[in-house]
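Protein chains in written order, with this note's numbering: chain A, 36 to 612; chain B, 13 to 298.
If you are wondering where the hints come from, they were derived from the structure by calculation, not from laboratory data. Warning: the hint list may mix true and false statements.
As the list claims (entries may be wrong) - Computed Cβ-Cβ distance ranges for the label pairs, DEER-style:
(1) A:R591 to B:L259: 38 to 46 Å
(2) A:L50 to B:L240: 18 to 26 Å
(3) A:L601 to B:D244: 19 to 27 Å
(4) A:R591 to B:L240: 35 to 43 Å
(5) B:L240 to A:E180: 51 to 59 Å
Stated by the list, open to error - Stretch by stretch, here's where chain A covers chain B in the computed footprint (C-beta under 8 Å, at least three residues):
(6) 118-132
(7) 200-207
As the list claims (entries may be wrong) - If you want a taste of the chain A side facing chain B, the calculated C-beta under 8 Å gives, among others:
(8) K64
(9) P65
(10) V68
(11) S69
(12) L71
(13) F72
Glycine residues also receive a C-beta, built at the ideal position from the N, C-alpha and C atoms.
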Amino acid sequence: MSFGFPWGLLTLGALVPLVAAYFLRRRQKPVVVSALFLWRTPRPRAEAGPRWERFTREASLLLEALAVIAAALYLADVRLGETARTKHLVLVVDGSLSMSSRGPDGVTVLEQARREAAKRVEDEGATRVTVLATGLAPRVVAGPEAEPSRALAALESFEARGADHDPMPTLLWAQELAGTGKHVAFFTDVAPVEGLVIPSPVRWTALGTARDNVALISAQRRDEGGTATVTLRVARFGPGPESVAVRLRALPGPDAKQGTERVEKVSLQEEGSATLRLTFQNAGDIEVSLPDDALPEDGHARLAVSPTRPLAVSLAQGMGSLERDALERFLGASPEVARDGASGDVLLIGPRGTDAKVTVGASGKSRTFVGPFFSEKGHPLLDDVQLAGVRWSAGENPPGRPLVTAGDAVLVSEEDDGRVHLNVDLSRSNVQRVSAWPVLLGNVVREARRAREGFVRRQLTLGEPLQLVTLPGKRYTLVGPGGSKPVFGAGAVSLSPPAAPGRYVLERDDSDAVDSAEVLALDARESDLRGRASADVPAKDSGEDEARANASDRARWPLVLLLLALVGDFYVTRRAS
Amino acid sequence: MSERLDEAAVGRLAPGLALALPRGPHRGRVGEVRAASTGSSLELHDFRAYQPGDDLRQLDWNAVARTDELILRVRQDEVSPRVEVVLDGSRSMALSPRKAACARELALLACEVGARQGLSPTLLATGVRSERVQGSACRAALRTLEFDAGDDLVTALGRLPPPRACGLRVVVSDFLFEADLAAMVARLSRGASGFFLVQVLDAEDLSPSGGEGARLVDSESGAALEELLTEDVLAAYARRFEEHQRLLRAAALRSRGALLTAPATESLDALVRGALRPLFVAGGHA
């Protein structure tokens, strides 16, 4: 039991005159009579004994005392059990990476936010605290309506390593969670921009400080054979050092006995960036680090081994020499393509009439077209395919959905199972000699590569969506720093950007790990600390709203009890007179 | 009006009064009242033929001479009948000093008048210690009698010996208690040739004063009831009192007795000449 307005208990003082009046009434003149039964209404059930005893004056006193107590409880705003008076405070913490930046005193903005949050909880006497973290996807750090100690403990273990994002969805969510008339405390490191419409109950507290920073804004690794190529991009935000030493430490790979460590000095223009490309032999994971500065997190990256996965392409028997030559020329210049004998997924290209993935050739009577050609706009196989100046000879129409047509002739078609047919007679066409040919085949290879199981990209920066491919009929789980979650959908799947950097592993139910991707804690917008500032923008709602809201929450049951006691007292005293 | 036992007033009134005895024959010691049994008194009751064993002295020789048959005179006994005065010793009888005094005076007057009539008075007092005294001891007993019984007359009768036959029984009480009145009166009248219920009532019993709140305390049980003595409440009391009186009177009539209500506010002389006239008749042995 708790009281919202303990001064209301002073009403209990009314019990003193009430009891005094009762005893004064009890002391009224006693009159001895010969026969008391003549003063009372006869009791017809006297022989059997009354089921209910008649009310006496004591019952009246008890009822009147009960009425006084009920009035006192109502005025004191009593709360019981679950409805006991609670003060709910919703805290919102910026979850972006820049909150991990350090001020001149070496204290991170997030640590200052923790201290300020604890102070705010204590000042407002909150009994329930909900902590939300902003991000590309808002999330609950503690709560809803958790114990203050638990909420602050959860905030202690919270790490702000998210990408740049808009905090408004989280603030609106916090407003809903807080309820009408309740304030929301938002801790960030940047003052609201002019003209930004902040939800009225939100108190915006910026704890940041403008700092110079040097950061990695991208890091890529590519492994071909035993050579690892690392490409780094280093940026300088603000008038910081003109040169910076980039330290790269390569852990030993499977065939190496020891790792290597290299330090490269990079010159940086003010507000400029520099690109650094290095190669390592037989390297395992490569750790990249910059000297610690205001935001050390964006100066570190760990690049795991990312071997290329060449696409195996095979040419079927029975293909004409022209078609074979044209395809060989393309495949010879195409990167990450392995010819016959390579393991893994195979893209089979065959002549017309076979069940190859891609068929090239024409059958039946040929017709030649110089235009106009009609292409299905937006189809990935036709990206950047320009057919101007092309002479295309085609035979009978192939099966499947037409992608490119000329008159009533279908030049390119695609079946429902993904098979592609190029209806072209290369002996009478010049397609293979214009740029449309390698572009078209490049699209075919790219789509075949995209259909392979696993991540599309293995190194991502903060805020980039996770794109992956799953096989139909299989169940997948994505395991990351925040735990594991199932992956729904088959084929090309685009997952929302991960909330935290780290390694994400795609697991299939019938195998341990299918593929892995590394999300690096790199975000150029978060590394730019020059616009960070301190500010305290109070909430627009006044405390009166809160007071009114609290008043409307006052428990009603004491009023009901008061009414019942008064009615009962009226009944008792009426019977007595 | 005296608030104590006014023996002088009783002494003044007793010589000119006699208890109203019933006309029927009585039983009792040898006395002056015709008895229910045959005996040797001078008063002729009947004639009958002589039977062997009869007292020859009762033969009416004149009748024998005239009829030449042995005719025997049958005479009744003359007895002195008993009078019992039962005095309720409950606390309600001492509701006021005047009520207590009036009850004592009426009991003493009945005893005194009965004694003067030669009726062998017996006083039965139903206090905490029930008393049964006879003759001249009645006066002394009445002087020291305490109305201290915490129960009503019906309960107190259980402490008395079973009623004996008597010529006249006078019960002095206020009869203000909840009981089966018919059964109580029947029990009181058992064995008595004559039966009077003398109801002594205080002014507050007859017409209680109201106008303010009061805690009404039962004089015998001590039970309390808080009431605002409004007109309505007093009117309700009056209705219940009248109903009680009606039932008591009816019960007395069924037992061949009479209910005489004696307001304690009146003097003994006024009561004897007024409300108690059926019991105390004029023409005593002055």
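Results of checking the hints against the structure:
no.	hint	verdict
1	A:R591 to B:L259: 38 to 46 Å	55 Å, violated
2	A:L50 to B:L240: 18 to 26 Å	24 Å, holds
3	A:L601 to B:D244: 19 to 27 Å	24 Å, holds
4	A:R591 to B:L240: 35 to 43 Å	36 Å, holds
5	B:L240 to A:E180: 51 to 59 Å	57 Å, holds
6	118-132	violated (count 0)
7	200-207	violated (count 0)
8	K64	5 Å, holds
9	P65	5 Å, holds
10	V68	5 Å, holds
11	S69	4 Å, holds
12	L71	4 Å, holds
13	F72	5 Å, holds
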